Amino acid sequence: MKGTYLGELEELVLLHVGILYPEAYGVAVMDEIEKQAGRSLNISAVHSVLTRLEEKGFLKSKMGDPTEERGGRRKRIFLLTASGKRALEEANELRTQLYSQIPKVALQFSY
Amino acid sequence: MNNKSPHHKPPRWADKFLEWYCHPDLLEEIQGDAHELYHRTVFQSQSKAKLQFAWNVVRFFRLKNIRKRKSRQQTSIPMDMLRNYFLIAFRNISRNAVPSSINIFGLSIAIGCAVTIYLLLDSYYHLDRLHVKGDRLYMVMNEVKGADASEKWATSPYLLGPAIKENTAVETAVRIEMQDGSSVRYNDAVFSERIWFVDDDFFEAFSFPIKKGDKNSLRDKNHIILTQGMATKYFGDEDAIGKVLSIKFITGQKAEFTVGAVTETISDNSSMFFNLLLSTEKLEDLKLMDTESWKTFTNATYVLLKQGHHPSELMTSLGQYQKLQRVANLNWPIQRFELIPMREVAIRSYDLVNSLSWSNHPAGMIALGVIATFLVVLACFNYMNVAVASVSTRLKEIGIRKVTGGGKKDIVLQFMIENVTLCGLAIVVGTALAYYFLVPGFNSLYPIKTPFTFSSASAILFFFGGMLIFIALVSGAYPSLYVASFNAVNILKGKQKFGSKSKLSKILLSIQFTLSFTTIVACLVFASSSDYFEKMDWGYGHAQNIVVPVETKEQYLAMKDRVVINKDIISYAGAVSQIGRHNGTGTVHYKEQLINVARFPVDFGYLETMNVRLKQGRFFDRGIESDKGESVVVNESFVKKMGWTEPLHESFDCDSAKRFVIGVVADFHINDFYNKVDPVVFNIATEDDFRYLVVKAEVGRIQSTLEYLKENWKEIAPDDPYRGFLQDEVFASFFQSNKSNNKILYFISAVALLLSCMGLYGLVSYNLTRRIKEFSIRKVFGANILSIFKLMNGDYMWVVLIAFVVGAPLGFYLMNKMLFAIYPYDIPLRIWPFLVTIAVMILTVALTISTQLKRVAHENPTETLRSE
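Those protein sequences? They're chains A and B, same order as listed.
The first sequence: position 101 = 101 (my numbering), numbered continuously.
Here my numbering = 1-based position in the second sequence + 1000.
Careful, some of the hints might be misleading.
With beta-carbon atoms standing in for the labels, derived distance ranges [claimed, not checked]:
(1) B:Leu1461 to A:Lys62: 49 to 55 Å
(2) A:Lys62 to B:Ile1507: 44 to 50 Å
(3) A:Ser83 to B:Ile1469: 48 to 54 Å
Since the hints were derived computationally from the structure, they do not count as laboratory data.
Model, not experiment: these values are computed from the prediction.
Glycine is no exception: its CB is placed at the ideal position from the N, C-alpha and C atoms.
Using the sequences and the hints given, assemble the complete structure.
What follows is the structure, given as structure tokens:
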């Protein structure tokens, strides 16, 4: 298991896997990211992030059902693991905590 | 892939590529995603979808997707499995005896030929490696301004050797002066020999091994060094050292020499051969030629540089010698010197005038290399064809292997191992073929023996290893990959369609036949050219002429007296030089021009005796006084060169005297047919200079005349060997080597054809096996043999025809190019090579196929249809 550092794209993908539960697989994640975050990624990039997250232990996967448009091939469905959940929480927490430390005055744009 | 819209499939190649590189564990999800995206886009635009699919496939090509992930990796194949593969390989070879032997035999022949050609080329390109100091040894080459163009001469000024020794970079220099026709005598044995006069350091520079005696014995000018062959010739089994040989030189001087050393027989990896060595000091003592002027050329000068010096260091001092030479020799001024490394001398000799090293034209060498490659490629194609076809019988085996857990990689490995086994076997058989038949056969055709050894151990490894890998990969890659990609379930269900439209087989077969037609036509065109030379008119009648070389005027006169009284001899004449045997050289001046010509100073009646054909004017006439001096007869080439229209009114300068043309004779060949006809000048010489006596004998009395001359010679000149010959024989070596070339070319054609036919046979035979039920049903319903034959072979006939249409002109074109490179004139195109090729093609293809047809004709439909 590699370090628990979570990159920006990794965090995005991890979040979407959570959102799409229980139907998170490569193409679905790619579509959802485009819809929600407006970022269009190549399918191969999504795949490599997913496998990386799995190696880090944030995701687990199982084979889903075959569908016709996939030429009878099965999907690999990704699910959050407990450590994946914690990593998201930590990232979220860190962000909120840091955000709250910004002095109010720095966020006041009157001009 | 039971898709609703089967027409909308992603590009096959990209899909295949993905399947090929992708790790099997990841393949399903990745391929699934890619397909899903494709199907989403395909409804917008098919081309966009295809492009996107391909792009995605390329993007998926990442290390992670290719590499095996450690957690799921399987360990390597156990040894037992490998052993099993070999076992299965041998079982398969022995079970499918016919196709296996076709494969092995075909490959073996091709490999045998390739090995032989490789050995030949290898030994040719590694000549002269026997000299230990070879990397420091250089031959001086001169570019000489001739009459028309500059020529590259292997000969160099006689005085250059000692002069160049002064240079600090030079360790030593060795000159070689070759003289033919010296009479060497020991007791009663007299032979005419070729002698090399060499400088003292000859054995310092060259490493010809000494068998007995002292290699420095030439430092005493009264010593002689012999080769083992010469020692046996003169002294038999006796010890040669210390024996005395008496030599009479061409100038008539006699001297005695003590044998100082005997060398080993010169091995075939030397490009130069000598028989007898004398010292240059003796040459100068005896004044056998002008040894004091820069004008004189000697056969070769070799320079041995000191360790660590470069030949370019000699260029300045060579420039000085060039000036000296240009002043001394106005006719042949040297324009440029070049030092050729010893190891390149033989290879470059084809381009050098008067090289002591034997040479081959590089075109021939390249052609041989190409042919060797052709043959191996042909055999590989055979293998592929037969292997693909023979898979049909092994589908079940592959299915079972896959079901019981054999991966695609394992199947590929298994088939590759089978290939390697088979190719290994073929290499063994092929090398044996080369060792026992091809190399000895080849050696029997040529004077130079190609030894069955490789010049170095690395060459063996390189050659055999490279060949094995090349053949196994080329011939095995397609079949094994093809087979491995079959789906196990489909195979076992019997659904796997196989080889119904094997386009590749046909493409291979047509390439194969194209190659073999190219080879055959090329070989036949070459053969037709040698046939052309064989029948070619030499330009004079030579069938009845016997030539006797003489040493002195006395011998000439004595022989003449014997000739006059023989009734079988129609006419006779003396000559200073003899057409075809010894062409005199000279130059003539005409209007400020210097022109190289062949000179034949002859006797009255020589032209008549030699049956030279008169075109204009007249021959020499004994009754006309001016004919003894100023009259000359020239040939048509001479007239053409001068651009004369009225040659009989022309004159030119020769031997610092004015010469008047009294006759023009038809062109005739004075050299073998590698060269153009040179301009020729005949003039009358005196009896003092005659070196040849030419006689014309009655038809049918030639042999007896030959005997007569020989017997009389013994009485007249017991000291000199009899060297008479038939004029017919002057180009014997040319025709001999042509004959040898032909034999080899015919053999290669036969091999090429055989290989192609083997491929055809294999393919037709498998095709038949596959469709035997179909044919049986057709027979039951009343089809006749002819219609089945058409069904069976129609396609192949087309393949062969197309191959001929492509291959024949290609072969013709290539060979014509080569002939043009070798011979200076056009050899007329003949139709017979094509006709013969067509005939051979029809015959062999028909024969190949008809053996199969017999099978269909005799087969009983009930036998084949009964079992299912």
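44 to 50 Å as the expected CB spacing between B:Ile1507 and A:Lys62, which holds or is violated: Holds, at about 47 Å.
So the hint says 48 to 54 Å: do the beta-carbon atoms of A:Ser83 and B:Ile1469 match that? At roughly 50 Å between Cβ atoms, B:Ile1469 and A:Ser83 fall inside 48 to 54 Å, so the hint holds.
Do the Cβ positions of B:Leu1461 and A:Lys62 conform to the proposed distance bound of 49 to 55 Å? Check passed, 53 Å falls within 49 to 55 Å.
Violation of the numbered hints given earlier is absent; every hint is satisfied by the structure.
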